[in-house]
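*Asks:* Here are the chains, one letter per residue:
There are 2 protein chains.
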Amino acid sequence: MPRYRQTTVGDLKNQAVQRRKITDTKRTADPATMEVLCGELPEGNTTVFDRYASQQPQCSFGLTGVCCRNCIQGPCRITPKNDKGICGAADYTIVARNVARLIAGGTSCHSTHGYHIAETVLKVVDGKTSDYSIKDPEKLHAVCKRLGVSTEGKNDEELAREVTLLAFEDFGGHREEPCRWLDTTITQGRREKFRNCNIAPTSIDRTVVGMLDQTAMGQDSDPVNIIFGGLKTALCDYTGMHIATDLQDILFGTPYPVATEANLGVIDADYVNIATHGHNPTLSEMIVEAALQLKGEAEAAGAKGVKVVGICCTGNELIMRQGVALAANKASQEMAVLTGAVDAMIVDVQCIMPATKALAECFHTQFITTASQVKIPGAQHFDFREEDALETAKTMVRMGIEAYGKRKPELIRIPDVKHAAVAGWSTEALMKLFAGVEPEEPVKALNDAILAGELSGVALFAGCNNLRVTQDESHLSIVKELLKENVLVVATGCSAGAFAKAGLLTPGAYREYGGEGLQRFLDRVHEASPTSTGLPAVFHQGSCVDNTRAADLMVAMAEQLGVDTPKVPFVASAPEAMHEKAVSIGSWCVALGMPVHVGVMPPVEGSPLVYSIVTQVAHDVYGGHFILESDAELAAKQLLDALEYRRWKLDVHRATAEKYDADPAASW
Amino acid sequence: MPRYRQTTVGDLKNQAVQRRKITDTKRTADPATMEVLCGELPEGNTTVFDRYASQQPQCSFGLTGVCCRNCIQGPCRITPKNDKGICGAADYTIVARNVARLIAGGTSCHSTHGYHIAETVLKVVDGKTSDYSIKDPEKLHAVCKRLGVSTEGKNDEELAREVTLLAFEDFGGHREEPCRWLDTTITQGRREKFRNCNIAPTSIDRTVVGMLDQTAMGQDSDPVNIIFGGLKTALCDYTGMHIATDLQDILFGTPYPVATEANLGVIDADYVNIATHGHNPTLSEMIVEAALQLKGEAEAAGAKGVKVVGICCTGNELIMRQGVALAANKASQEMAVLTGAVDAMIVDVQCIMPATKALAECFHTQFITTASQVKIPGAQHFDFREEDALETAKTMVRMGIEAYGKRKPELIRIPDVKHAAVAGWSTEALMKLFAGVEPEEPVKALNDAILAGELSGVALFAGCNNLRVTQDESHLSIVKELLKENVLVVATGCSAGAFAKAGLLTPGAYREYGGEGLQRFLDRVHEASPTSTGLPAVFHQGSCVDNTRAADLMVAMAEQLGVDTPKVPFVASAPEAMHEKAVSIGSWCVALGMPVHVGVMPPVEGSPLVYSIVTQVAHDVYGGHFILESDAELAAKQLLDALEYRRWKLDVHRATAEKYDADPAASW
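Residue numbers (our numbering), protein chains in the order written: chain A, 42 to 709; chain B, 42 to 709.
Bear in mind the hints are in silico, worked out from the structure with no lab data behind them.
Please note that a few of the clues may not be correct.
When chains are identical, the list treats them as one kind, so a pair holds in a single copy or across two.
Said to hold, decoys possible - Pairs of lysine-lysine residues, derived as DSS-like cross-links and limited to a Cα-Cα distance of at most 27 Å, are as follows:
(1) K122 with K67
(2) K525 with K678
(3) K122 with K416
(4) K525 with K690
(5) K67 with K690
(6) K345 with K678
(7) K525 with K169
(8) K521 with K169
Can you build the whole structure from these sequences, using the hints too?
*Replies:* Rendered as structure tokens:
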């Protein structure tokens, strides 16, 4: 079976045939998306599924990473006959450089997000905006404690300023100490490992710039040095993300369990539907507030009110904190427009397909961009500023209300597919859940269940939709396998979206999908610390910028167990990694010591050496490694094997009372 | 005629045929390089000229910029039939993103260089190394004055620390004001333009990271926004480079005219030859010192002494400040090894072809890397630290002395080609030259000559060797045309190297190549301010990191003329732009208002819109633009036309006493 493609365009003669073909080859496992896909498309338009097919076959040099465009003498391509680029760069150099630059790209997205949140906090404490406030002083104090910021005699605003200025120091500035958000959130073992291997970053921005420098023409050609530089850059991704999550929690509240619904069926034809899409809650939180305030105007326009629905990670932010319904994950964003009932789509940053805007033009849907670094020709652009955030949000929502009156009823087709969902499982919320059983040290409840063999371990599901594979399918099939084998699963981003859309977040779903041990464990903790929402099969931890919540959980497990993170039965899977952000997240997961499954092949196959660095050498040095496997069944098996191996090592470790700080790398 | 390739590999059956083919198609205009190229190659080896031929035909998607690999769902390629990527990105989005990321790459190289120099200065003033000292207090005071740093009662170390800490603020940190090294070195008109257009960066590193963020999947799809973001990034390139040049001058001395020689013939078989290659003078200055100190050891080994020769921009740094002979520019770096008489090649950063190391293995040549971000598998690596710089340098030179005894005499073939050269023409040196005529305001001598029609204007020649064209040829043919038409030419980098190797830097060469006006002007200024070295035809201003010297000259001209920079008869040409650094340099030259010729097509042809943005829209907004022309004759004509147009506008301006600060963009 060809690894990268399932359909080609050769025989797709016209759109009708294309549409049939798409259903034939089952491009999606999401019945709502499938229903919309099988319908009519406005003439001349395409969906992401069509465009993926049209791009087949994709360039094999790009797919395997052996095309270099890092100078304008190129492109150079490596073939068996031509084993060097013009400068003499070999396959391993070119592949390593390309991967490292993907990591730099992903890190840039997350850190720019984090930087923006830090700027927002500063505006709040400086009184430049009254639309936001510090909603979670408890989290603020917890972050202060972790950073060593004295809280005595200081009010929340003073503390938040101090924390934010420390965050800016992690982004830039000339320091010799590792970034604080990294250094204060990991184990002592990791701190030493990163310092000894010279991959502890002192500044996010300087490290990213250094990575571009290292991978430029005539610079590094040593693949180990380049890939390890990539891991250093990925630790900056971790740092910037952790800053983003902490400050977002402080500003908007740490998420706790909340009940809602998911999939396209949440779009309600009786309401003005405002779809928020992107990643940054500073915009979407205001949209939710504006929607509430403008209910009257919507009613005057003939609607029952304004309904905000979420797409992609803005959806994940809102489902976590506001219980706003999630309409779609990344590959279904166009489907929301195709329902004909989205009156405005308001977007901020990341994963916004320009095609979604093009499609909106065929409907009454207002398409609104809000970030200076994300403009789409032809879209209505607002320069969204925190200083007048709510007013701007109201203007945008009013555009939706106005558009509501211009709907084309004949184009409305909302699939009747949605599932109840309980989200909001920050690590704090999980600890609260575990605290019923272990009030003093909540994470002990989890570790004990693993040590007792009741649970097999913990898995983080993360990442995107990638059109190379059937949408959501491998997310679902791998997770079901793991749940059956009693793995506690946390999820973020479009992976969490896939689970929400498919009903795995429905209260009580763990009874349907979980093995006996998992059911028993969840029953026990829920009985000791009941929630009003009930428990899902998969615990939604937030958007893709929130992946450090899972890392925090792993670190807490490690510290309670008295081992370094590579010994914790904790794995990660990104069945449909797509964005550069997924590459950087996966890389810091590896540096933290996780076995990380990726279900679509990243561009490393062009160099057996680089392939071995990321799948083996990384493990020898850091205790984590990549599992590159596109077959869902094999992937699940490998993840379970990795958990089993760690449980076995943990038993050995406990039996011999070995100390983790004396742990040589060879013993991972 | 195909635009991008001159030879293909189809008919190159074996190495002997390849070698003949190379001479047939005249891959180089440098007789020394040609002589080496026509000789034997160690079996199984290739030169950059062979590898360029082997890479033909190059991928047209990459060449024209319409291949997107910014997520791992791709690569996507735009064709007439497939006009959108999987996400819906159009040709203009993909091309703009790729160009912007090239600029980010180039900026990263220069700013990392500048950052390293700043760290070195800090080590010097903190007493962490005694191998370096502040050699140019006059420049230090000039920089302090420009930055508004009070010098009263402070010693050089205190001032240098203050300046360096300000430099670090330009790299990172949360500030709202534009970078100081940009803001204090440009005209008031540019300051306002950059602020009004929102492209004045406040931090180098954050801007680069922001550029990667802006060009990631699902981010910006507006090509104007992306390209103008690219210009903002390019202004960071300017800022980082200016910091590098200023601090290098403070640490190693501002260059003044110095006599030396250039081309492969400077390698002397009687000496231990140490080739220094790369870009950063912190290493090479120590090598020069170590070579002096180890003369005795070299003599004991049977040589006449140790001779340091320069390659690429390390060569340019050394030729400018030490009068060290220049052996080769970028495309000839392998030829130095092929002479068989280079005993050690010591490299630092940038433009170091891995192939040069591979070739060194066939000889006795020691290949030594010294920078943590530039390792080459198999090379001897030293962790070069300023703290014990001279000692490390001595160890490396000793490796060369030891290798001297292992030469293979039968492999030695040094072309008897070299030219006398006078280098060291910093803008300060030029001003000193002009001061003979105009002691109060030296630049007036230059401006008056232009206004009087004696000179046609000033041209900066910069950039690399690019194998797509015959090495050095268009540098030489365009510059000769301009000199004939009385253009004062300054040059940097491998362009300056090409001129040095071809005798255009020979004292008195302006008489051979200059038009009557240029000869008269240079005679006059030299008579008023004689140098011991004599004057060349082209004024060497340093390595590629030193291009802001030319910008300083242009700004001085603008201020004396009372106009903004886009009205100054000043053009730039990069006949063989190759590195990402060349793309970023060219872009800030455009933002500063220069017409910038590039002789090899950058990857913009895939989008007529982006092509028009860089060649036309940029001019409307900033007064500068790219001239993309691979024909040397046409390029020279367009550069001369641009100068003529500006002289005419200047006459109009002066006639109408128009004020530059009231100058609308439309009047560029």
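*Asks:* Reference check for the pair K525 and K690, CA-CA at most 27 Å: within, between, both, or neither?
*Replies:* within (23 Å within a copy, 79 Å between copies)
*Asks:* With identical chains, the pair K122 and K416 could be close in the same copy or across copies; at 27 Å between alpha carbons, which is it: within, between, both, or neither?
*Replies:* Between copies only: 25 Å across chains, 43 Å inside a chain, cut-off 27 Å.
*Asks:* Checking an output row: K525 and K678, CA cutoff 27 Å. Within, between, both or neither?
*Replies:* So K525 and K678 pass the 27 Å test inside one copy only (12 Å; across, 75 Å).
*Asks:* With 27 Å as the alpha-carbon cut-off, assign the pair K67 and K690 to within, between, both or neither.
*Replies:* neither (41 Å within a copy, 65 Å between copies)
*Asks:* Indicate which option fits the pair K122, K67 if close means a Cα-Cα distance not exceeding 27 Å: within, between, both or neither.
*Replies:* Answer is between: at 25 Å across copies they meet the 27 Å cutoff, but 39 Å inside does not.
*Asks:* First find the shortest C-alpha distance between K521 and K169 inside one copy, then the shortest across copies, and answer within, between, both or neither for a cut-off of 27 Å.
*Replies:* neither (48 Å within a copy, 59 Å between copies)
*Asks:* Checking an output row: K345 and K678, CA cutoff 27 Å. Within, between, both or neither?
*Replies:* neither (49 Å within a copy, 69 Å between copies)
*Asks:* Given identical chains, is K525 near K169, meaning Cα to Cα at most 27 Å, within a copy, between copies, both, or neither?
*Replies:* Close neither inside one copy (51 Å) nor across copies (61 Å); limit 27 Å.
When held up to the earlier numbered hints, the structure conflicts with 5, 6, 7 and 8 and fits the remainder.
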